[in-house]
Structures are given as structure tokens and as C-alpha cells.
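If you read the protein sequences in the order shown, they are chains A and B. For what it's worth, this note's numbering labels the leading residue of the first sequence as 1, then goes sequentially. For what it's worth, this note's numbering labels the leading residue of the second sequence as 1001, then goes sequentially.
Each hint should be verified, as a subset may be incorrect.
What the hints assert, rightly or not - Simulated crosslink set (PhoX-like; lysine-lysine; CA at most 25 Å straight-line):
#1 B/K1108 to A/K84
#2 B/K1016 to A/K84
#3 B/K1111 to B/K1145
#4 B/K1111 to A/K84
#5 B/K1108 to B/K1145
Since the hints were made in silico from the structure, they are not lab data.
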Amino acid sequence: MNPPAFVAEPGAVLPEITFGPLSRADIVRYAGASGDFNPIHIDEGYARATGAPTVFAMGMLPAGYLASALSSWLGGPEPLRRYKVRFTARVWPGDVIACTGRVAGVGDGVATLELEALRRGPGPDGLDVPDEEAAIVGVAELRLANPGDSAGRGEG
Amino acid sequence: MTEARISFDLPVERGKVREFALAVGATDPVHFDVREAEARGLADALAPPTFTVTQAWQVTREEREEALGANLEYGRVLHGEQEFVYERLPVAGEVLTGAMRISADVTKPGKRGGAMRFVTYESRFSDSGGHLVLTAYYTLIQTSKDPGS
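Extracted from the complex, chain A is given alone in its bound form:
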């Protein structure tokens, strides 16, 4: 892995990490891994019958990518204390998922991060969607390592 770039200072920016472009196979793989077999995500005919132009990702797939980005920023997922996401747009096959974030606050040994996963792409035929929009808005809280803690990273 690359050395962690994370700095627990308010306003510090977490550099963009992208996933995708999302394929239908990625959605099916996540269905199997998670056990979420809602046909609206994997069955084209079913999705169309509900009025959707095609299948779209279960929200927890880009939320899983965002958690993986978080882990990359932190140098591992171990410090996570809380992770919360809100789903704001559907993610379509062909979309690139771009994860970003910033440190919103630091105090009492806890850092709070504001996170976002953007979907980027033309979207499916027959649906008017922006080329880029927030698919997930999230927040994470981390335990900061104590000075002298062997697991600590980057403390001066």
C-alpha cells in the first residue's frame, strides 16, 4: 500500500480515489457477496418493468467503495468508530465512482470526516441525469492514535 497521507487537521482534504467504471458484473458480484438479490439491481427485465431504464447498483456497493477509500486514506480501517451514509442518487452501469472527503473536526481523540461519493458518467439511455452528482453523502468518526501508540501514524 502507499504510505498513508492522512493528516488529522480540520480542513485537510482527502484526495480523490475512483472506482469503476461500474459493470453489471460488479453489481452481480456484490449481490453474491452481500446476499442482496433484489432483482431491481440484477434483472434487466424486472428493472424495466418497475419504470427504471435499466438496472442500478444497490446503495451499499458505492458505500462499500467509499469505505474502501476511507481505509486507503487512513492506512487501514482499524480506527473507524462510526460510518454513516445517506443515498442521494442512483448509480448506473458505466458510472465512475469518485470518493472524496475532508476532515471536519478534531477533538477528544476523535476526528470527524465528511465524505462524498460522486457518480460520473452519461447515465443510461432514456434517462436525463447530470454527468456528475453526489450519490452518497457520508460521515465517519475515527479514533486517533495516542502519542507513543505503536499503531500511531504520522504523529510528530
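Since the structure of chain A is provided, determine the placement of chain B on it from the hints.
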């Protein structure tokens, strides 16, 4: 709110951790390589942060609805929010005990008229020693009945 509960086991298997980590694009070897996990003070491969969604393999939507009785109309239900509160992340080889209940059920006015119902399922996962590992909150939104078509 209701007092109904579902109890279930969630085995954290090494192969399942690997499969899930690959599906969510995780690259940290701590999910794949036991020696890396051991070097970081863990007994086995570490589960990714959202791993406990695999509880869908243990409790189906139908079983959940029958036991907890939220009476949702799934044709107009969206996954609105998801939250995890961690004591630690699960480790391969352990079997977590899950306890699920409805922790919130509120109806709010929708932006375009009608009412939106927010139902939150709380799942508390404990380890074999009875210690809390994490709590997951799964919030579904039932939108207003479509006034048109």
C-alpha cells in the same frame, strides 16, 4: 416501536471476508493475508467496515418482515441511510450473534406532498464473549403512493 426481535448467527468466514473485500474494491492486504493481519495484532483476516450487510444471507427480507412486522410496501421502498457504530471490526473465524429490532418508525411530510415513512432496523452484533462488536442501522424509506400512473 415494537419489542419484537430476531436473533441470528453471523459467521465471519475467511473466504467470505475475501469475497466481500474484492466486491467492494478493498485493497488493504489485512482483508486477504493472515500474516498481514497478524502483523497488525489481529487473529485473522479483518472484515471490511460494511461486512455485516452479509446478514442478508442469514435473515431474508421475508423472515424479517414476518418477525418484526413493519408491513412495508416494497414496491415503493428505498434504502435511505445506513450507519455503523463500531467497537471494533469483525475478524475471520469468529461467529457473531446478531439481534435485530425496529429501533425507529416515523412518518414525515414528503417534499412533494404525501407522507414518507422512515423505518430503521437496528442490528447489534456481539462476539462469543458477549461483548458488543458493532451496531448497524438500516433505514428504509417508504415513499408516498404514486399519484399518477
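Comparing the hints with the structure gives:
no., hint, in the structure
1, B/K1108 to A/K84, "holds, 21 Å"
2, B/K1016 to A/K84, "holds, 23 Å"
3, B/K1111 to B/K1145, "holds, 13 Å"
4, B/K1111 to A/K84, "holds, 23 Å"
5, B/K1108 to B/K1145, "holds, 14 Å"
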